[in-house]
Structures are given as structure tokens and as C-alpha cells.
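*Asks:* Protein sequence lines correspond, in order, to chains A and B. Residues in the first sequence are numbered consecutively from 130, following the numbering used here. Residues in the second sequence are numbered consecutively from 91, following the numbering used here.
Hints were generated in silico from the structure; no laboratory data involved. Among the clues, some could well be false.
[Said to hold, decoys possible] Which chain B residues face chain A? A few, computed with CB under 8 Å, are given here:
{"no.": "1", "residue": "E121"}
{"no.": "2", "residue": "E132"}
{"no.": "3", "residue": "V251"}
{"no.": "4", "residue": "W253"}
{"no.": "5", "residue": "E266"}
{"no.": "6", "residue": "E397"}
{"no.": "7", "residue": "M462"}
{"no.": "8", "residue": "P487"}
{"no.": "9", "residue": "E491"}
{"no.": "10", "residue": "V495"}
{"no.": "11", "residue": "E538"}
{"no.": "12", "residue": "Q542"}
{"no.": "13", "residue": "G551"}
Please read these numbers as outputs of a predicted model, since none were measured by experiment. Glycine included, every Cβ here is placed at the ideal spot set by N, Cα and C.
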Amino acid sequence: MPVRKGSEYKEKGKRDAKRHREKQKNVVKKEIKKIVSESSIITRKKGKKVKIPIKEIVIPDFKPGNRQDNGENTQAGIGQGKGKKGDVIGRRPGTGQDPGKPGNVPGEDYIESEVDIEEIIEMMLEDLGLPNLEEKEDVAKLEAISGHKISGIRRSGPNVLLEKKRTSKQGIGRFYAYLESLKDETGKDELTCFTALMEANGNLGEAISLIEDGIKPQCEEVEPFPILSNEDLRYMDIKEEKTYHSNAVIFAMMDISASMTTDKKYLARSMLFWINEFLKNIYEHVEVRFIVHHAKARLVDEDSFFKTGETGGTRCAEAYSLARSMIESHYPTKSWNVYLFHFSDGEDWDVEATMNETKKLINDVKVNMMGYGEIRLDGRPFSSGLKRAFEKELPVRSVEINDLNVIVGEKNHPFLGIVIKDKDHIFPAIQEFLKKERWKA
Amino acid sequence: MTNEQIKRLNEIEKEIRKIAEEMGLTTTETEFEIVSSRKMIESMAYRFTTNFSHWSFGRDYDKQKTIYEHHGAGIPYETVWNSDPPKAFLVETNPVILNILVMAHVYGHVDFNRENKYMRSAADYMDLAREARNAETRFRGYERKYGLDEYEQTIDSAFSVCWHLPPDLLSEQEDEETLRERLIDMKQSRIRSIQKREFHKDKSEIEQLKQEISELQQKTPPIPRYDILRYVLEKSPKPLADWQKDIISTIRDQTKFFEFQKRCKLLNEGWATYVHLHIMRRLYEENLISQEEHIEYSKFHSKVTREQTKTLNWYNVGLKLYQDLVYRWDRGMHGKEFRESKDPDKWVTFDRKAHKGIEKIFEVRKNYTDRMAIEEFFDEAFIRDAEIYLWNEEIDPQTGEIKQVIAEDDPEKIRRTLKSYFSLYGTPVITIEDGNYKDNRELYLKHEFTGQELNPVFESGALENLYYLWGRPIHLETVELERDAAGRPSGARKLIHSFDGKNHNIEKYKLEEW
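Turn these sequences into a full structure, and let the hints steer you where they fit.
*Replies:* This is the structure we're talking about:
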């Protein structure tokens, strides 16, 4: 028969498709710096999906294309249908309409794709986490039930946990004990005693009276059955398995004073958005508190934090002091890992107060980390800049990492300051702030 | 699919083959394998029932599968391999009538592949399906032994340049040394014939020829060549490992096989559609398919042959071409007398009662390639009837959107574009000019500029990949257009794009003529 059923087959395409997706991911990884600095992500409406251009990987070959437009030329072709010159047969979004579209890389075509923020974070921050995270002593509040475990056998419990094997073993033991005592008591043969015991449903007293009434053996051999009394019941003992997390609280602080222009605030928000998303993602029990400040500081919720804009002067110490009182009242460092991230443009009316608060936070309160990002769009250092004060007042050293100006505190002085000058600094700065291994060893 | 249905398909298959033979088609025992839609999609992505492993096949599989399983579109129905015996897939979840249609369609391909001159010359490659299966096993070993990176890089690189084949696929069969000898022989016999002359023994002409011979002796390739992968295999200074050569030559063979098919795509699909139309009508007339089935079939048929706004539907245009040929040759609407009576009013009544239509289409399917058919039969009337136009994209200045707009509906201009497209089959012509450039075994390629620039981004990637195969600097000569404010070409520069393994370098020279 020329038409016949095909043989079973294994899906070969699956493995190669997976490999293609891996390659795509690697491309996204390379573009992560641009994706992270993309404004549409942090200003998106609620929901975890973001649209980013993902490339379908194609093999580059010599093919027609407009050199002037770097090959991104408009297409042309042959088609069929009714219509005359000038008729519009279709539309697609123009390349200029997507400001987040990464630049050209040889041999890669774009397709827009929806990606979970989680996925971006995964790709983005593989070896990152909270630096200096400690196991805190008092962790009672932080237990989480992660499952159940059989920890032993006990004599009471709910029916569902009846351990049948052990229970029946106990019951068979009781059967033989009763049988022996019946023989002893009545002097009758084993089969008569067994018949009585069976008839009496395992009740010893009743069996004795049955024998006394002259019961005759009705079977040829002894078939033991479990006789259960309450004391023979065996139950599984289970314990809840708990994992212990060291809780962490993050204070996200942002300067929203007049000197923080929209552009500066955008950078600060981007940084904090990603730090926030990232930490929420990897730590189940991380709490984030948001503080905005100008000359006064106040606690706000997440939404208003990313939206608020105000005017006025700047006192950073206000924010630090508010954070400190929150720590003392709600998040004692005995039980909590405490992280502070503060973003400002470096302008501060009372640098001395800010330095004092910083020192208190680090030396007295002993927070796990104090992160400071100074947004400087013009590239000009402020003469009264906070960063400069930190450099002078704290045991830190200044280093250049990845094109970033970073000031790092000693091991027992977990301070990290970074100067952020433009969008391109967002990703490397996050990498520096969240370097898990910093201050280790 | 139930056994009952399989039984019915077998009965109908017999009938289809009979009808095909009555039509005058060449048939042969053809294997129809009932498979899952996934298997079908997979074989389409891998180009054979199975093939070696590569991410690009996986990408295509993934994409097609998603379209089919999540959007319900792109229902896979037809693949046929020009192997011996021919083999085709039927999808088990497709309606029976669709599978019947596929069988009828496949017998059209079977005839075309056996009878068309051009496809017959691809017969050397008929074992490729089997070889693809063997390649799968061999290549798996390479991947394991030499690592995924090297494995993929070798395949990526070969895929990058594999479509650069000679314009005449049957040329460039001889190897470089044979070619060189033949060219030198020709020149030497020229010299001998000059020397035999009693008069006009032109010394300078002999000197010239001797000079050319000595150049031929040294030059590689002796004359410009088109087949890049073949040249790499013969001459790459890299040196390539045996397993890499195996990969490259397997990819070259497969590509060449598909190139044969590509060049007859319109005629082949049109023929199979013409044939299935006839066979399905007969099956209905003979009550082998019910009225409901016939209605269902008609829906599939019109879906398959539907006009597409942004691409040429081979099934549509191919079928129309054969139908047009039947109509015209039945009435004798061709030749001098017809051409001279170019009065549309007369066409309607023009009928020399020639009845040569069927004969004509059998001749076309036997002797033509797509390019030849377009050149000869795509006249104004046909292009207008088939509603073919050219479109391009314009940026909407208001929204920034890209609009796709009909750019040309003048049949003569469309004809010219179709002709030039089908003479290149979409791949720019690039020749190997020098394999020992700068006396340093560098590779010098030249793009034959016909008005279309090369995409510079892909060009860079392709040069990098070719470098991987050659191992020494690569140079590509091409042309860059200068444009005026409106984007129209106003001048041109010769451009030499070099890649030395690390850096791209581009030199530009103003061209006076272009």
C-alpha cells in the first residue's frame, strides 16, 4: 500500500529550537544595557510584561539592501490584486517609532516580543544580590512553611496519619498474646481458642465465655488477624518544615527637590525601579520602604514614589534620619538586614548633618549597606557635592570601574557611592550596587 | 486516522494515479506517509524528512509550529521529495479530502520532476534525502567531538555563502586544473594556428597569447568563478579539517538541489495545481468523493490559489499561466499573425481552432525554467489578467508609519522587473576574482552591480563568516550609490570592503560611469 502510517518519531526540532532561543537570550543579554535604560519599561502600566525588541537570529548573507539606511531600508516586492499605482496595500510601524530599538548588529533581525520583567532580571543580574547579607539571630518572624516531614511515630493522631503497617504489626502481636492467654486460661486447644477469638471479634472476655459455652473449632488452621486496641494504634508524627530567611528591608530614598530635574529624576527612578524589581524577585521577604525628600522627608507608597515631583530645598539628612527612626522602631538590625539606597544630585543644604546621619547609620545602627547614587547630568562636580563630602568624611577609596566613578568603603564600613552621568550608566551602576561578593573576605 | 480511512486513501490513490496516466503524465510508485502535523512542520523546517542538527532549522520549526498550534494558521499540507521513489507526507489530523487533494497535487510534481529537463538534471541529487539522514548521524558525532561552537560556526559560515552558485547550474562541473588546462589548450591552439599562417604571422598577437597563458598558469581561479563553497573546498588556505569539509560539501550539495527546484518553482507548483484541478474534477465525476467533500475541497483550493497582496503566489500565477497557454494555443493566439493583430477587440473572437493548448503546456513543463517562461509568456495581457503589480514602502511623514504602496502597474515595467528578478533568483551575483590576492592568498570577490546595493550589515556578517572558512583576509568589491535629497541615485562609488579577521576596512573610489 503506497499510503501508510508513518513510524513514531522523536521531536528533533525541539532541541534545535531551544538552541535558537538560547542564542536569542544571549543577544538580549548583550542589549541589556539599552533595555534597562528604556523609559517605557519603568513608566509602563501595571503588569509584568514588557515589550522589547528581540531578534530573530538569521544567518548573514550577501543580499540586496540600501547602504545609506544601513540596510534598514524600506522593502519592495511583487504582489497581486486589484489596485492601481499609489494604492496603499498595508502598513507597519516605522523604525523611527521605536526609540528603544537597539542598534544594528550584523546578521540579526528584530521581532518585537513580550518578555517578563523577571526574565530580564534573570538575564541581567546573574551573580548579583544583596551584598553583606547576614544571618540574623532573631528570625522567629521570618519562618516560612516549605513542606511537611515525617519525624517519627506516635500513639495518637488523626486517622489520615494512621501508620497502617506498624499498627497492624502491633495488632498481630496482640492476637498471639490473646491466643496464648486463652489457651492458658481455658486449657483448650489452639483451634478452639482461635475460633472463639474470631467469633468474639477479638474481645478476650467474650472469647472466654464462648469457650465456656462449649464452642467447637470451625476451621483447620489458625489465621492470625490484628486485634487492635487503642494502645496499638500508631500514627505518623509530622513536623512542618520551615526555612529560615534573614529578612531584609530596603530604604529607597530619592531627592525630589527643585534641582532634581525631570531627567535626573528619571535616572534615579530607573535605578531604584530595577533595584526594587530585582530584590523583590530574588528575596521572598524583602520589604521596601520609600522615602522622598526635599528639605523635609516623608514616607510614601511605591506608586507615589515613582510619580512624585515637588519643589523646594534639599536636606538629605532628613531622609536619613527618617530612615534611622524607622529602623529603630520597626526594623532593628538585630533581626533585619538593612539596606539604604539614596539618589540625589549631590546638592545638600546641610552636608554636615548628612555626614553625621550617615555615620550613625553605619557605625551605630550598623546597616548592612549604604548606597548612594549621585546623578550629575552636566558632568560638572558640585563644589558642595555630597559625594565629595563622603569621600572626605568616610573611610572610602575612589575607583574607576566600567567607566564609572565609584567610592567604596572598607569591609567594616559598607558604603558605596556611584556617580551616574547618563542612561548608559544605569546598568553598570546596578551591577555595582548589587555585587553580592563585595565586602566578602 | 482510522484504518478505514487509510484503506479509502489507498483506493483513491490508485484511481488518482490512473487518471494522471490518462492525462498523459509520467507516474511512478510514490510513497505517502501519514504523519503528525509536528512531523510535517519539522520536515519542512529541516528541508528533508530528517536532516543534521542546526539552530536555524529549530528556529523555523518553532516559528511554524507556533503559528499553526497557537493561531491555527499555516496548516501544513504539502511536502514532496524528489527522491527515488518520490515521497510525500499526509497529515493525519487533516481532513481526508485535503489528503486526497495533496495526493492529486503530488502526482503533478512527480510528473514535473521526472519530465522537466531542468529537474531531470537534478536527478544526481535524488539520494540526498537518504544522505541527509546519514549526515544527521555523522554530524552528531562532529558536534560531540569538536564542540558545539566550532560545529555551529562551520555550518553558519557555509550557510552564509551557500546560495552563490553558477548562473547555469550545470556549468562549473570541472575542477580548477582541468579548466586551466582547457583554457591553456585553447590559447595554444590559437598560437599554433597563427604560426601555421604563411602571412600575417602577428608576433605581437603570439606574445600576447603567451603572456595570457603564463597568467593562466599562475592565476587562481583562472577565470572568475561563481561557486563560492566549491572554491573554499578546493582552495581554502585555512586549512579546514576533514569533518568541516564534509559539512561544507553536504550543505553545498543540498543547496544546489534546492536551487534546481527554486528555478522551476512557478512552473512546478502551477503544473501540480493544474493537475490536481483536473484529477479532483474527475474524482467527483466518478463519485469517488462526495458532494460535501467536493465543496470542502473547493474551499481549500481557492485558499491555496488566493492572490496575495505582498508576494507572488506560485500556485495562483502558475495555474493561470498554464490556463492562459491552453486558451491561447487552442485558439492559435500566438505567432506573427496574432501579434500583428494587436487589437483587443479582435482577441475576444480570435480563434484559429488550433487546439494545441494541451500540447503546448506539456512542452512548457518539459523544456522551460521560470525565467524562460516569464520572458516568453508574461506579456501585457497576462500581467494585467493576473493582476500583478510591484509595491514598495514609503514612510508616512505624518505618523512615521511605513506604508506599503503599489508602485507600478505598468505591465511592461513589471515584466522587466520580473525578468531581472528571475534571472538572479534573488541572490546577488558575486564572483571569485582572485584566490591569491596580493600574492598573499587573500580572497578577492566582486559583486556584479545591477542597480541594487548590498545590505551593508549583512555584508559584514557574511564576510566574517567567509573569513572563518578562508582563514585569510577577504575583500569584496561592490558599488555604493550617492543619493540626492529625495533619495534618488545621483552618482556611485566603487567600494572595497575588507575584513582581516579583526577589523572591517572600507575604501571608496568615485566612479565616473555606473
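*Asks:* Each hint should be assessed against the structure and marked as holding or not.
*Replies:* Evaluated hints:
Below 8 Å, beta-carbon pairs count as interface contacts, and E121(B) has one with chain A at about 6 Å; its hint therefore holds. Against a cut-off of 8 Å between C-beta atoms, the interface hint on E132(B) holds, since the closest Cβ of chain A lies about 5 Å away. Interface restraint check for V251(B): the shortest CB-CB distance to chain A comes to about 7 Å, inside 8 Å, so the restraint holds. At its closest, the beta carbon of W253(B) sits 7 Å from a beta carbon of chain A; the interface hint therefore holds under the 8 Å criterion.
For E266(B), the suggested interface contact is broken, since its CB lies about 22 Å from the closest CB of chain A, more than 8 Å. Because the closest C-beta pair between E397(B) and chain A is about 4 Å apart, less than 8 Å, the hint holds. A hinted interface residue such as M462(B) counts as satisfied when its beta carbon comes closer than 8 Å to some beta carbon of chain A; here the least separation is about 18 Å, so the hint is violated. For P487(B), the interface hint is violated, the least distance from its beta-carbon to any beta-carbon of chain A being 10 Å, above 8 Å.
Against a cut-off of 8 Å between C-beta atoms, the interface hint on E491(B) holds, since the closest Cβ of chain A lies about 5 Å away. Interface restraint check: V495(B) against chain A, minimum CB-CB distance 6 Å, threshold 8 Å, status holds. Look at E538(B): its Cβ only gets to about 11 Å from chain A, farther than 8 Å, so that hint breaks. Contact between Q542(B) and chain A, as hinted, is supported at the beta carbon level, the nearest pair being about 4 Å apart and thus within 8 Å.
Because the beta carbon of G551(B) sits about 3 Å from the nearest beta carbon in chain A, less than 8 Å, this interface hint is met.
In the structure shown, a violation is registered for the earlier hints numbered 5, 7, 8, 11, in ascending order.
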